[in-house]
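Peer 1: Residue numbers (the numbering used here), protein chains in the order written: chain F, 1 to 158; chain Z, 159 to 492.
In short, the hints are calculated from the structure, not lab data.
Backbone N, C-alpha and C fix where the C-beta goes; we use that ideal spot for every residue, glycine too.
Hints may contain errors.
In silico contact screen, one side only, chain F against chain Z (beta carbon under 7 Å); selected entries [said to hold, decoys possible]:
1. 57
2. 58
3. 117
4. 120
5. 131
Negatives, chain Z to chain F, calculated, CB over 12 Å [to be verified]:
6. 161
7. 173
8. 223
9. 302
10. 305
11. 312
12. 315
13. 356
14. 397
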Amino acid sequence: MTQISVRVDGASYTDEVEPRTLLVHYLREQLGKVGTVVGCDTSNCGACTVHLDGEAVKSCTVLAVQADGSEVTTIEGIAQNGGLHPMQKAFHELHGLQCGYCTPGMIMASIDLVGDNPDPSEHEVREGIEGNLCRCTGYQNIVRAVQQGAAEMRGAQQ
Amino acid sequence: MIPAAFDYARPTTVDEALQALAAGGEDAKVLAGGQSLIPVMRLRLAAPSMVVDLTRVTELRGVREEGGDDGALVIGAMTTHSDVVSDPLIAQHAPLIAQATETVADRQVRHRGTFGGALAHADPAGDLPAVALALDAEFVLAGPGGRRTVPAREFFVDYLTTALAEDELLVEVRVPKLAGQWGMHYEKFNRVAQAWSIVAVAAAVRREDGHIAEARIGLTNMGPTPLRATASEQALAGAVAGADAVAEAGPARRRGNLAQRRPQRQGRLPCASRPGAHPPGGQRSGRSPDVGVSRATRELVHRPGSRRRGVAGAARHRADRPLHARRRPGLGHR
């Protein structure tokens, strides 16, 4: 077992983990952060996307020990002032989901994308979230939601 | 799935990493970005007894210049794909690397995956090995006895197998600066849902007075290792820089390009093959290289500056075309 200290969604944790523990399993099973889901188990689907030190990563393809000393943000930590994050709100309003399983990863990947490109075109959104798969094929509304979320994030910064 | 248990070392210097690797013995694996290793460990296709995590070896990150305009770029093995894509030195002196790296997997994977890790993994379907080969890169390997430099042509030994010995680390890659009249392009054919290349071509061409002075062409996933299309390179050298020369250099040279050595297995053996990997080379039709070589070099002849188009961009391009146009076997796949 190895001791790690991480900040997750603004709270500090110190835990013993096996080196083989994946970050997503640590988040879900040791911290109870079940908003982050496991989709494909093959690093393809992006459902488990979280931010590690501000960058979107697939938490099924990072070891928990690698997050030692880092800041992790999950879908559970992005609400602002008790309200939904602008990207969550946009997914809600534009129905950027069907079954909802891919949604946590879609939203985390989209926030990461908008961090680099505050005003992505439809094409850039499709390219930017290529690491996230929606098995319901609900991409049309997802892409619209990302663009609206981006617009709201730009507005929130002004 | 959860990986099998392993011992974990997290060195902060190259020397510490080499010591950990030596202590771990032959079942030790080096963890760079982990975007290939962790998936195969999860599927239990690899079960190393010791994992040496290079994430904190900060001396292996970053890009620097060596020498003047005739010099080289030195890319640290642990430089992430994201950092490569946004690096100003690479954009200026080796844009082919940035263009190909932009097509690797997706944003999340590019945040973690590393330049050196992708090369040391030596997946023939990976994008960077053929690029390194086309650019005549040199690989700097550190071992217990010091450092040695291996040219790209000798680094890729066989399927997922490199010249790295069990106790060695890839620390940096030296890429000659290609300035002036060089044009470069990476042309990739992949399925929409997967960023892995079906095949791809990395081409760099130097033009002089309307002629092709020199062409370097690397082939992705057309054999057990990345390959140089040497016959096409020779056919292009000295030719007028135009579509005719390119058309001639593709199909007419097919046999020559693919009749390359099939190296003997030696050096470090891979822990496992990538899940879902295609059978290595040899069994492919000889047709794909022609199409790829022609397209990549034609692209250069018409547009000497490199053109960027990511994976989803290509997919989108296809989606814009009518359905019947998408279903031409062997023609519509890109």
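Peer 1: Name the hints, by number, that the structure is in violation of.
Peer 2: Numbers 3, 4 and 6 - these are the hints that the structure violates, sorted from lowest upward.
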